[in-house]
Structure formats: C-alpha cells, structure tokens
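Chemist: The chain contents come next:
Protein chains: 2
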Amino acid sequence: MNLDNIRKAKVGSIELANASIRMKNNALKLIADALSKNKKKILNANKKDIYLAKGLSKALLKRLELDSVKIDEMVKGIKKLIKLDNPVGNVLSAVEIDKGLELYKVSCPIGVIGVIFESRPDALVQISSLCVKSGNAVILKGGSEATNSNRVLFNLIRSAIAKAGLPEAVVELMQTREDVKAILKLNDYIDLLVPRGSNKFVKYIMDNTKIPVLGHSEGVCHVYVDKDAKLGTAVNVCFDAKCQYAAVCNAMETLLVHKSIAKRFLPVIIRKYSETNVEMRLDDESRLILEKSVNKKIINNYKNKKTLKKATGKDWKTEYNDMIVSIKVVSDLDEAIDHINQYGSGHTDAIVTENKSVANKFMDVVDSGSVMWNCSTRFSDGFRYGFGAEVGISTHKIHARGPVGLEGLTIYKYKVIGTGHVVSDYSGRKAKKFIHRKIKW
Amino acid sequence: MNLDNIRKAKVGSIELANASIRMKNNALKLIADALSKNKKKILNANKKDIYLAKGLSKALLKRLELDSVKIDEMVKGIKKLIKLDNPVGNVLSAVEIDKGLELYKVSCPIGVIGVIFESRPDALVQISSLCVKSGNAVILKGGSEATNSNRVLFNLIRSAIAKAGLPEAVVELMQTREDVKAILKLNDYIDLLVPRGSNKFVKYIMDNTKIPVLGHSEGVCHVYVDKDAKLGTAVNVCFDAKCQYAAVCNAMETLLVHKSIAKRFLPVIIRKYSETNVEMRLDDESRLILEKSVNKKIINNYKNKKTLKKATGKDWKTEYNDMIVSIKVVSDLDEAIDHINQYGSGHTDAIVTENKSVANKFMDVVDSGSVMWNCSTRFSDGFRYGFGAEVGISTHKIHARGPVGLEGLTIYKYKVIGTGHVVSDYSGRKAKKFIHRKIKW
Chain A
1 MNLDNIRKAK VGSIELANAS IRMKNNALKL IADALSKNKK KILNANKKDI YLAKGLSKAL
61 LKRLELDSVK IDEMVKGIKK LIKLDNPVGN VLSAVEIDKG LELYKVSCPI GVIGVIFESR
121 PDALVQISSL CVKSGNAVIL KGGSEATNSN RVLFNLIRSA IAKAGLPEAV VELMQTREDV
181 KAILKLNDYI DLLVPRGSNK FVKYIMDNTK IPVLGHSEGV CHVYVDKDAK LGTAVNVCFD
241 AKCQYAAVCN AMETLLVHKS IAKRFLPVII RKYSETNVEM RLDDESRLIL EKSVNKKIIN
301 NYKNKKTLKK ATGKDWKTEY NDMIVSIKVV SDLDEAIDHI NQYGSGHTDA IVTENKSVAN
361 KFMDVVDSGS VMWNCSTRFS DGFRYGFGAE VGISTHKIHA RGPVGLEGLT IYKYKVIGTG
421 HVVSDYSGRK AKKFIHRKIK W
Chain B
1 MNLDNIRKAK VGSIELANAS IRMKNNALKL IADALSKNKK KILNANKKDI YLAKGLSKAL
61 LKRLELDSVK IDEMVKGIKK LIKLDNPVGN VLSAVEIDKG LELYKVSCPI GVIGVIFESR
121 PDALVQISSL CVKSGNAVIL KGGSEATNSN RVLFNLIRSA IAKAGLPEAV VELMQTREDV
181 KAILKLNDYI DLLVPRGSNK FVKYIMDNTK IPVLGHSEGV CHVYVDKDAK LGTAVNVCFD
241 AKCQYAAVCN AMETLLVHKS IAKRFLPVII RKYSETNVEM RLDDESRLIL EKSVNKKIIN
301 NYKNKKTLKK ATGKDWKTEY NDMIVSIKVV SDLDEAIDHI NQYGSGHTDA IVTENKSVAN
361 KFMDVVDSGS VMWNCSTRFS DGFRYGFGAE VGISTHKIHA RGPVGLEGLT IYKYKVIGTG
421 HVVSDYSGRK AKKFIHRKIK W
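In order, the protein sequence lines correspond to chains A and B. Per this note's numbering, the very first residue in the first sequence carries number 1; after that it's consecutive. Per this note's numbering, the very first residue in the second sequence carries number 1; after that it's consecutive.
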C-alpha cells in the first residue's frame with residue numbers, strides 16, 4: 001500500500017466535498033461515457049480474470065464475469081444516479097440563537113470511505129459513482145479474482161474524474177491481500193468502512209478495525225402470521241418472502257404462526273412450500289398440527305423427500321440463505337415479538353394481520369431496521385425503497401439503519417453566523433438571553 | 001458486574017422505547033421531585049465522598065461536591081428537559097412505493113447506552129434524564145470518588161422510574177474499576193458508548209472497545225482573522241474565544257492572522273492578552289511584527305514575565321485548555337484553511353471577516369463539526385445551540401457531529417405498510433413499476 005496515495009485521497013476529498021453538483025454530475029457522465037466507449041478493453045481484461053479464476057464456483061464466476069449487457073446496466077445505473085438530488089449542501093435545520101446570530105445544520109460528505117468488496121467488477125463502478133455523487137473520496141479494495149477488470153475500470157474512472165476537473169486522487173484502488181489488513185489500520189485517514197461479502201467476512205472486518213463500519217452481519221428475518229390474518233395474504237407474503245429469492249439477506253428464515261390460525265394456515269403454506277422443494281424445520285406444535293391435517297398424502301410424500309425436519313434451538317438463529325424455513329407456532333403477539341427480538345438480527349420482520357392495533361404494536365416493538373405489515377420482507381432494499389442507489393443494509397443502530405442510500409454517505413456540519421457575538425455577553429449577572437427560534441429556510 | 005442486570009436493562013429498553021411521552025415526562029417529574037425531597041440524604045452521602053476524597057485536586061473536589069444550589073440546578077435541568085419535544089416517534093420521511101404500499105422513516109431510541117463519566121454526581125442525573133426522555137436504557141459507570149453520592153442518586157432515580165410505571169431496570173449503575181473493562185466488552189448489549197472525562201481517557205475507551213463511541217478526543221480550535229475583518233470584532237471574538245473560559249474544548253488554541261491586517265491587529269490583541277496574563281507562542285512573522293510595533297513598552301514588560309514565547313511545531317497541534325494561545329501569520333485564506341484542516345481536530349473553527357464570499361469559502365472548506373463567522377468559538381455548545389440538553393460534543397464524522405442533543409440518542413426504523421404486496425410482482429417480464437412518490441405527512 002502506498003500511504004502517500006491515501007494522503008492524497010484525503011486532501012482531494014476536501015476539494016470533492018465542495019465541488020458543485022454540476023461538476024460531480026459531469027464527472028459521472030464522463031465515467032458513463034468512458035465505460036460505453038471502452039467496452040472491448042473492459043471485456044478483454046475481464047476475460048483474463050475469468051481465465052485465471054478456474055477454481056471459482058459457478059455462482060462466483062457469474063458475479064465476476066462481465067458482458068456487454070452488464071456494462072450497459074452499469075452505465076444505466078450511473079445515469080440514474082445523475083438524476084438524484086445532491087445529497088450535500090442541504091440545510092437540515094436552522095435556528096436564530098439571538099438577534100443576528102444564526103445556526104444552520106448543513107449536510108456534507110463524510111470524507112474518505114473505505115470499501116472492501118467481493119470479486120465483482122460492477123461493484124467497483126457502483127461504489128465509485130456513489131462516492132463521487134456524495135462528494136466522498138474512496139479507497140477501494142476489490143476481490144483478487146477481479147484484478148484485471150478492476151484495474152481497467154479504475155483507470156477509466158480516474159481519467160474521467162480528472163477530465164471533469166476534479167482531483168483524480170479521490171479514487172484509489174488497492175489489490176493485494178495484505179492491503180486489507182493495511183486498510184483496517186487506516187483509522188487516521190478513513191472515516192467509514194463499508195465491507196461487502198459474506199457474513200463471516202463482514203464480522204471479521206468489524207472485529208479487526210477501529211474505523212466505524214457500515215454493514216450487516218446477518219439477516220435472520222421473520223414473518224409473523226397473526227390470528228387476524230387474511231389467509232390469502234399470509235400465503236402470498238410467506239411464499240414470496242421465502243421463495244422469490246432465497247439467497248439474500250432480506251428473505252424470511254423463520255415463519256411464526258399464531259396458534260388460532262395455525263390449523264387453517266399451516267397445511268396450506270406447507271403444501272405450497274413442499275411443491276417448491278422448500279426444506280422445513282418444524283417445532284413440535286406445528287408438526288402436530290400437520291400430522292392431524294387433511295393433507296396427509298402430500299405430507300407423506302414430502303417426508304419421503306426428507307425435507308420435513310424437526311427444528312432445533314439452533315434453527316431460530318440461523319440465516320439459511322437457502323430454500324429452508326423454520327416454522328414455529330406461538331400463542332400470541334407478545335410471544336412472536338419476544339421471539340423476534342431474541343433470535344432475530346434486527347434486519348427485517350413482517351406481520352400479516354387485518355388488525356391495525358396489533359400491526360402497530362408489532363411495528364413499534366419489534367426492534368429491527370425495517371418492520372413490515374402485510375407485505376414481503378423482500379421489499380427491504382434501497383432500490384425498492386426509492387433511494388435510487390444502495391450503499392448496503394445496516395443492522396447497526398447508529399448513523400444509518402436499514403437499507404442505506406446516498407444519505408448514509410453524508411453527515412452534517414453546523415454553520416454559525418454572527419455579527420461579532422461573544423459568549424461573555426451571555427454569562428454572568430447581566431447575561432443576555434438566547435432566543436432559540438426556529439428559522440424557516 | 002451482574003450480567004443479569006444488563007440483560008434486564010436490554011429487555012426493559014424495549015418497553016421504555018415504546019412508552020408514551022406522557023409516561024416518560026411523568027418519570028422525569030418524579031425524579032425531579034425525589035431529588036428535591038431528599039436533599040439531606042443526597043448531601044449526607046456526598047459529605048462521605050468528600051471526606052474520603054482527600055487526595056483530589058481543588059478543581060476535581062469542586063466537581064464532586066454537591067450543595068443545595070447544585071441540586072436545585074439539577075431539578076431545573078430536568079424540568080427544562082420535560083418541556084422539550086419527544087425525540088422519538090417522529091416521521092422523518094415518507095414515500096408511496098406503489099399503490100397501497102407505503103414507507104415511513106420513523107425516529108426511535110437507539111436501545112442501550114453506556115456512559116462512563118467523571119466523579120461528578122450531577123452528571124449521573126443529567127445522563128439518566130436524557131436517556132429516559134429519549135427512551136434509551138442506560139448503563140452508568142461513575143467515577144469511584146462519587147460512589148456514595150451516585151448510589152443515593154441512582155436509587156432515587158430507579159424508584160421514581162418504577163413509580164412512573166416504567167421498568168426500573170432501564171437504569172443500571174456500576175461502580176468498581178473492573179466494571180469499566182467489563183463494559184467495554186458488552187458489545188452484544190450496549191449500542192452506543194459515551195465516555196466523558198479527559199482526552200486521554202476518551203481515547204483509551206475508543207481504542208479498547210468494539211462498541212461505537214460518541215465523544216471527542218481533542219478540541220484544537222482556531223480563529224482566523226481575515227484581511228477584511230473589522231478590527232473591533234476581531235479583538236472581541238479573539239478575546240472571548242481564548243479568555244471567556246480557557247479550560248474547555250471549544251476555547252481557541254491557535255490564532256491565525258492574515259498578513260495584511262497583522263500589523264494593525266496583532267499589537268492590539270497581544271496587548272489585551274498580556275493584560276489578562278495570557279501566555280503567547282508566536283511564529284517568526286508575528287514576532288517580527290510585534291518587535292516593530294509601537295507597543296514596545298508593553299511588550300518588554302510582557303517579555304519580562306516570560307509569557308511571550310516562540311511557537312514550535314508542536315504548538316499547532318496542542319490543546320492547551322489553559323490561558324495559552326499560539327499565534328501565526330498566514331499569507332491568505334487558503335493557507336489558513338490548510339492549516340486548520342491539517343492541525344485542527346475538527347471541533348470548532350471561526351473566521352472574522354466582512355467579506356461574505358471569503359466567509360462562505362471558509363465555512364464550506366474547513367472540515368469541522370462547527371464553523372463560525374464573526375462570532376466566538378465558545379458558542380459551540382448544545383445549550384447555546386438551543387438543544388436544551390447536551391449529550392456531548394462529537395468530532396466523529398458519522399452518526400452525530402458537533403454538539404449532540406437528544407437527537408444523538410435516537411436512530412430510525414423503516415415501517416413498510418402494504419396490502420399483501422409481494423416482490424415477485426415487481427420482477428421478471430411483466431414487472432409492475434414502482435411509483436416512489438414522496439408523501440406529505
């Protein structure tokens with residue numbers, strides 16, 4: 001790692017932080033143009049990476065591999081980003097402290113962001129663009145399998161930034177495995193670290209740095225089907241939450257069912273799951289209900305496939321990221337909430353009910369970044385929330401929580417404007433009093 | 001440390017988080033009443049602490065010692081807090097994702113706050129009250145010299161909380177030195193740590209925990225006197241920023257002066273400082289100006305007191321917290337800004353000028369939590385900013401920056417309300433499109 005480049009990025013971050021939205025958007029436009037114009041160059045570099053990455057699983061290879069369509073999508077993403085409002089320079093609140101003394105809270109970039117990401121070249125483009133738009137410098141460390149692709153993309157982005165009249169040093173790329181360890185120690189330079197990748201990797205990062213980390217380590221999401229749920233809604237939501245895309249953090253892992261509706265609901269959803277080859281881990285009560293149910297045939301069928309198992313204590317804390325669901329019958333709303341607050345990961349949890357006050361209690365008391373009523377946990381996502389671009393999803397409880405958009409890459413500063421005001425006038429016996437009146441701006 | 005009590009605090013935090021503002025304010029009222037009614041008991045315990053704390057410096061004893069007036073002030077502080085708006089349950093933004101599918105961003109408490117504070121019993125009351133108002137549980141660890149006072153205050157607060165019908169477990173007190181180490185490891189229970197005390201102590205905490213820390217390690221604050229400054233304003237602001245109260249983090253440590261105004265300004269301010277026994281550390285240029293100035297007599301006088309010294313490189317990074325100031329002549333605005341961004345601590349920095357565009361550039365580019373124009377750095381404070389109550393001042397660049405009020409003890413959650421919406425309808429060939437229209441609420 002070249003510490004001098006990190007220093008340059010920090011210095012450059014001050015200039016970028018104060019660049020006009022016109023300049024930042026122009027830089028983004030030039031990045032998009034550069035990608036479009038240099039498709040061949042990018043794809044050739046990517047071919048090298050694919051050739052060298054023979055040991056990778058099919059899923060990982062798919063992430064690593066670029067094609068013309070993927071590059072078009074990157075370009076589209078940047079063009080969307082250009083259309084978003086400037087996240088910095090906005091007055092968040094304003095107060096008249098005293099006559100002629102005013103306080104403004106103004107949004108601004110954080111400074112230098114460190115991002116450690118998987119072997120996925122499109123991530124490099126997305127992250128760099130987000131940082132340009134939000135006025136932050138970024139230190140990138142991509143997965144080693146994408147070395148050649150990343151290098152080409154990085155060079156194109158740097159040139160575009162320079163062409164736009166901004167300091168190219170605000171984007172810096174590191175590529176060796178040792179660089180990860182080095183980045184973790186850069187707490188004097190990096191203000192926020194965003195690790196992407198497996199839960200284990202994110203946890204490793206969190207445990208080994210003093211830099212604040214934005215990320216989530218786990219997504220153990222629940223759907224609770226209340227006694228006042230509409231059966232059709234419950235089935236649709238629970239099916240979507242588990243099956244629409246099981247490998248992601250906002251998919252449901254545990255289904256909680258109120259005992260009063262369990263006899264009607266469970267046979268239906270279990271049949272639907274069984275038809276889709278979802279493996280189920282049942283608690284004793286749901287197992288009992290199932291055995292008494294009319295769907296014996298299907299269940300026997302299913303049992304033979306060995307996909308109907310007994311849930312153990314471990315299941316309640318497990319993020320399967322797969323077509324597996326644990327199922328538990330609860331005796332009331334409180335038991336559901338307690339279960340979620342105890343075993344959940346504070347990511348996303350949903351209730352299905354027609355009872356508004358029950359829904360409100362659930363959403364108030366469940367301590368998660370996203371709480372949902374009569375819709376699928378799969379909606380928990382920056383794009384679906386309308387943030388335009390997503391930095392990641394945070395299960396932390398400070399700074400940014402839930403899906404994080406551009407706003408998560410900003411903080412604020414206070415600007416105080418006076419006309420010679422001094423504190424000594426406001427202390428002692430003849431102390432002047434403060435007004436503290438909200439200003440509309 | 002009793003881990004069971006920490007668990008109880010976490011469980012209780014969920015109930016407190018959802019308590020109505022009426023209940024929380026009632027708990028605060030009962031705390032205030034209990035303090036008023038039990039003055040004698042509190043003062044007796046405090047006498048024990050004072051008796052046992054014979055080794056303490058005068059300043060520390062003053063912080064430790066309570067009297068009737070100080071208790072009245074605590075009560076007044078709580079009554080002010082009662083009047084503040086509820087910081088939780090506020091809708092921060094709302095979006096219609098699609099017809100019948102709405103997203104609300106709602107403020108909520110963080111959860112469990114850990115506070116490690118100096119031997120100052122009024123801090124215990126202030127912190128507990130802030131946490132009750134913001135709906136957070138709090139794990140307190142006070143300085144050991146205040147053991148008896150803290151124990152009495154803690155018991156009164158606990159009883160008042162229970163009397164208000166809230167779980168008393170949400171306030172927990174630890175008292176042994178080993179407890180500090182134990183708290184640092186409670187990252188599964190404590191969501192945010194607020195250390196108070198010396199810079200060294202805060203830094204130790206930051207370096208030894210995985211819990212996010214809210215605090216500031218240093219306050220190296222600057223005033224820059226621009227060439228277009230009004231002389232009177234410059235003198236007043238620079239005198240107030242240094243002398244109104246020198247022992248605090250928002251006092252000025254370094255005075256930067258534009259070379260064009262230095263010959264007129266420096267002799268005046270140096271004379272004023274010298275009359276107040278401020279020790280000055282001058283760079284070569286300001287020294288030269290001084291030697292040529294008309295105030296020879298005063299300067300010689302001052303020199304004899306040995307309070308006029310040569311500044312060394314170390315001075316630019318030093319927080320004196322005392323009647324000492326370093327002075328440097330700069331050739332332009334950019335040099336001033338660069339100096340501040342290089343040597344400052346990102347706390348509070350001010351400019352004195354009549355030139356609006358110069359002031360705006362200074363406030364935009366200086367990368368500090370508070371930036372000021374024509375007023376004293378000493379205004380950088382939660383009470384003066386109108387926050388009513390102050391948690392502390394943060395020089396971090398995530399979550400909360402600058403003076404932190406009740407808002408710094410809150411975060412948000414997303415509530416998504418649908419009518420059976422599933423993600424599969426929004427993917428694939430016939431994908432429905434999102435509306436993403438802002439809702440006024």
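Keep in mind that the hints are not guaranteed to be accurate.
Note that the list lumps identical chains together, so a pair holds whenever it fits in one copy or between two copies.
[Stated by the list, open to error] Restricting the straight-line Cα-Cα distance to at most 30 Å, the calculated cross-link-like pairs of lysine-lysine (DSSO-like) are:
#1 K203 / K41
#2 K356 / K41
#3 K309 / K48
#4 K41 / K163
#5 K438 / K163
#6 K440 / K356
#7 K105 / K438
#8 K40 / K272
#9 K47 / K314
#10 K200 / K210
#11 K39 / K440
#12 K62 / K432
#13 K39 / K79
#14 K29 / K80
#15 K181 / K433
#16 K438 / K62
#17 K47 / K230
#18 K105 / K230
#19 K438 / K79
#20 K430 / K79
#21 K440 / K361
Source of the hints: derived by calculation from the structure; they are not laboratory data.
Chemist: Determine for every hint whether it applies to the structure shown.
Modeler: How the hints compare with the structure:
1. In this homomeric assembly, K203 and K41 never come within 30 Å of each other (Cα to Cα): the closest approach is 36 Å inside a single copy and 48 Å across copies.
2. For the identical chains of this complex, K356 and K41 are neighbours neither inside a copy (56 Å) nor across copies (49 Å), given an alpha-carbon limit of 30 Å.
3. With identical chains, the CA atoms of K309 and K48 are never at most 30 Å apart, being 45 Å at best within one copy and 64 Å at best between copies.
4. Taking CA atoms no more than 30 Å apart as the test, K41 paired with K163 passes inside one copy only; the shortest distance there is 19 Å, against 72 Å between copies.
5. When the C-alpha separation of K438 and K163 is checked against a cutoff of 30 Å, the pair qualifies neither within a copy, at 43 Å, nor between copies, at 35 Å.
6. Taking identical chains as interchangeable, the C-alpha atoms of K440 and K356 lie at most 30 Å apart only when they sit on different chains, with a minimum of 21 Å there against 35 Å within one chain.
7. In the homo-oligomer, the alpha carbons of K105 and K438 lie at most 30 Å apart both inside one protomer (12 Å) and across protomers (22 Å), since each shortest distance falls under that limit.
8. Proximity of K40 to K272 under the C-alpha cut-off of 30 Å is found in neither arrangement, the shortest distances being 46 Å within a copy and 70 Å between copies.
9. For the homomeric pair K47 and K314, neither the shortest alpha-carbon distance inside one copy (42 Å) nor that between copies (53 Å) is at most 30 Å.
10. Taking the shortest Cα distances, K200 and K210 sit within 30 Å of each other both inside one copy (18 Å) and across copies (16 Å).
11. In this homomeric assembly, K39 and K440 never come within 30 Å of each other (Cα to Cα): the closest approach is 49 Å inside a single copy and 44 Å across copies.
12. Taking CA atoms no more than 30 Å apart as the test, K62 paired with K432 passes between copies only; the shortest distance there is 26 Å, against 68 Å inside one copy.
13. For the identical chains of this complex, K39 and K79 are intra-copy neighbours only, at 17 Å inside a copy versus 66 Å across copies, given an alpha-carbon limit of 30 Å.
14. For the identical chains of this complex, K29 and K80 are intra-copy neighbours only, at 11 Å inside a copy versus 52 Å across copies, given an alpha-carbon limit of 30 Å.
15. Taking identical chains as interchangeable, the C-alpha atoms of K181 and K433 are never at most 30 Å apart, the minima being 53 Å within one chain and 43 Å between chains.
16. Taking identical chains as interchangeable, the C-alpha atoms of K438 and K62 are never at most 30 Å apart, the minima being 54 Å within one chain and 36 Å between chains.
17. For the identical chains of this complex, K47 and K230 are neighbours neither inside a copy (51 Å) nor across copies (65 Å), given an alpha-carbon limit of 30 Å.
18. For a Cα distance limit of 30 Å, the shortest separation of K105 from K230 across copies, 26 Å, qualifies, whereas the shortest one inside one copy, 46 Å, does not.
19. With identical chains, the CA atoms of K438 and K79 are at most 30 Å apart between copies only, with a shortest distance of 21 Å across copies and 37 Å within one.
20. For the homomeric pair K430 and K79, the shortest alpha-carbon distance between copies (23 Å) is at most 30 Å, but the shortest distance inside one copy (59 Å) is not.
21. With identical chains, the CA atoms of K440 and K361 are at most 30 Å apart between copies only, with a shortest distance of 23 Å across copies and 34 Å within one.
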